[in-house]
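Peer 1: One-letter residues, chain by chain:
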Amino acid sequence: MNIEKWGSFSLSSGEETDFYILGDLRLWLKHKDEEIWIGHRYEEHGDGERNTGNISETPPKDLEWARWAPKEPTDSVKLMPVFPDLPLVINSEFPLRVNPGGSIQIFTRIPVWVRISIGKKDTVLTELPTVKLSRTWFGTPIEGELCYWAITKARRSLSNVERKPYLVSCPIQITNKTEVDLDFEKFCFRVERLKVFLYAEELWSDETRIVYHGEEQHSDISMSGRLPKGMENARLISPPRKPVQRSLATRTFKKIFDESFLFGK
Amino acid sequence: MQLSFKIILILVISIPVLLLLRRWARNFFTKKYAPHYGMLAGKLVFYTGLTILVLTIMGQLGLSLAPLLGAAGIVGIALGFASQTSVSNIISGLFLIAEQPFKVDDIITVNNTTGVVISIDVLSAKLRTFDNQFVRIPNETLIKTEVRNLTRFPIRRFNAKVSVAYKEDISRVKEILMDVADKNEHALSEPTPIILFDAFGTSSIDLLFLVWAPVDEFLKLRNTIQEEIKARFDKEGIEIPFPHVSLYSGAATKAIPIEIADTKGENTDLKTSRE
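These protein sequence lines map, in sequence, to chains A and B. Under my numbering, the first residue of the first sequence is numbered 1, with each subsequent residue one higher. Under my numbering, the first residue of the second sequence is numbered 266, with each subsequent residue one higher.
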């Protein structure tokens, strides 16, 4: 079954398993001998299309299970969406230019991670990405940070876009405060300080505002803490991974590598 | 008697305190910063404390520092000649600490030895090799020879030499290699993997496949990606040629005439089909 509702679930006991599909993730859970058993697989697809039919709910015989012995016996687990554990380098499928002084709002959709926790204190058992993203380096060969790599459409509107329960929609406001065009091909999106909201049965994050001051300058980044105007009554379901800061000044758009360096033997 | 008791009391109290302080400084700086700074802080605390302790005991014994320093000049020259190597190592150690070509926990290669730095001491640096051997390298050697720090920077590039048969379509080979890098979990998407046309080899076309990985996953990348290239080439029917030699009898376009002499004395000339 697809995860349609996030929250707590009672697990089947004994050899019976509960099966969930989210993105590429196939998740099997069971409660056996007072332990929580978790097994997972990822669907491999070379053509970019996800297989939605003919999926067996029975766990494969060679599935590797991870077992947890909770402090207090429980047959209930909580499945919640959280942002990935690293920033993402977002690549626009088609480059977009922001004119000097211009300000645009784009929407990008990011695959969430599933956090599996138990107990009143929400003790985290594990976190699993719904889609395995490759990793990339954002910075120079001497310093920088490890990020995930995601290709998005950088849409101006999300109307008429197919709903996908494993994607969180992120509104981003980009302002170009320089005298030159901002060639928005890719940027580092720091998702660790974003919250996850549930709005109209879809996952949303609070709005990120990025002010670009030039390639050699750090960009100002701030998280509004709420959804864009007109999206009231959203319910906060996951807090950010890192404490929210009013604003950050960090490298966001800087180009990384000198080609002559890369091609050297 | 009273003086001896006093000195013993100082030693009994101060040495454990000094050792405790050294341990605390080492643990504190290791946790807060890095093992390298923990080691330095521990040494600083220990040697400073030891100097103070020696001076205190000398004070108790009524020994003045001034005549000792005077004598130290003469003794120093004598000792200097006698312990040139040790002094050189000590000074080299100071340079190593100041210059910091490597830190504790870095992986370095010195001459043909590669290992993890365990400690940088007054006279030598200690390494643990990957087959779990202990290697002591004098500080002087480290200053004089080339030291390669394999973990200094956060990412590393693996240069894979890939050879394919002359008959293969190079653009297709490149596509396959890029797909292998894309699917490898240790390869980074950026810096983008690069394929360089290296050479027309004697038996093959040689390509260089340059792929980046986080420094702590470099070995995993090296192990996995070569296996994956082989498996993928096998699946796609791309030939990885063995070295081979073509023999020509004067002209490349003409076949070699072969003559077989049978044992019964009946000679038969066999010629290749081209003739």
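By construction, these hints were calculated from the structure, which means they are not laboratory data. It is possible that some hints are incorrect.
Claimed, not checked - The calculated EDC-like cross-link candidates involving lysine to aspartate or glutamate, where the alpha carbons are at most 16 Å apart (straight line), are: (1) B/K426 with B/D370; (2) B/K448 with A/E44; (3) B/K500 with B/E433; (4) A/K78 with A/D18; (5) A/K132 with B/D447; (6) A/K132 with B/D499; (7) B/K296 with B/D370; (8) B/K448 with A/E43; (9) A/K153 with A/E201; (10) B/K448 with A/D183.
Unchecked claim - Now the in silico label distances, taken between C-beta atoms and shown as ranges: (11) B/N377 with A/E215: 51 to 57 Å; (12) B/L286 with A/E64: 45 to 51 Å; (13) B/V480 with A/E215: 23 to 29 Å; (14) A/T123 with B/T394: 38 to 44 Å; (15) B/M323 with A/E192: 38 to 44 Å; (16) A/A66 with B/E450: 16 to 22 Å; (17) A/G214 with B/G502: 47 to 53 Å; (18) A/A200 with B/F462: 52 to 58 Å.
This one's a predicted model, so the numbers in the text were calculated from it and none came from an experiment. C-beta: ideal position from N, C-alpha, C; glycine also.
Peer 1: Now look at each hint and say whether the structure bears it out.
Peer 2: Status of the hints after comparison with the structure:
{"no.": "1", "hint": "B/K426 with B/D370", "verdict": "30 Å, violated"}
{"no.": "2", "hint": "B/K448 with A/E44", "verdict": "10 Å, holds"}
{"no.": "3", "hint": "B/K500 with B/E433", "verdict": "14 Å, holds"}
{"no.": "4", "hint": "A/K78 with A/D18", "verdict": "13 Å, holds"}
{"no.": "5", "hint": "A/K132 with B/D447", "verdict": "12 Å, holds"}
{"no.": "6", "hint": "A/K132 with B/D499", "verdict": "26 Å, violated"}
{"no.": "7", "hint": "B/K296 with B/D370", "verdict": "14 Å, holds"}
{"no.": "8", "hint": "B/K448 with A/E43", "verdict": "13 Å, holds"}
{"no.": "9", "hint": "A/K153 with A/E201", "verdict": "22 Å, violated"}
{"no.": "10", "hint": "B/K448 with A/D183", "verdict": "28 Å, violated"}
{"no.": "11", "hint": "B/N377 with A/E215: 51 to 57 Å", "verdict": "44 Å, violated"}
{"no.": "12", "hint": "B/L286 with A/E64: 45 to 51 Å", "verdict": "48 Å, holds"}
{"no.": "13", "hint": "B/V480 with A/E215: 23 to 29 Å", "verdict": "27 Å, holds"}
{"no.": "14", "hint": "A/T123 with B/T394: 38 to 44 Å", "verdict": "41 Å, holds"}
{"no.": "15", "hint": "B/M323 with A/E192: 38 to 44 Å", "verdict": "57 Å, violated"}
{"no.": "16", "hint": "A/A66 with B/E450: 16 to 22 Å", "verdict": "19 Å, holds"}
{"no.": "17", "hint": "A/G214 with B/G502: 47 to 53 Å", "verdict": "51 Å, holds"}
{"no.": "18", "hint": "A/A200 with B/F462: 52 to 58 Å", "verdict": "54 Å, holds"}
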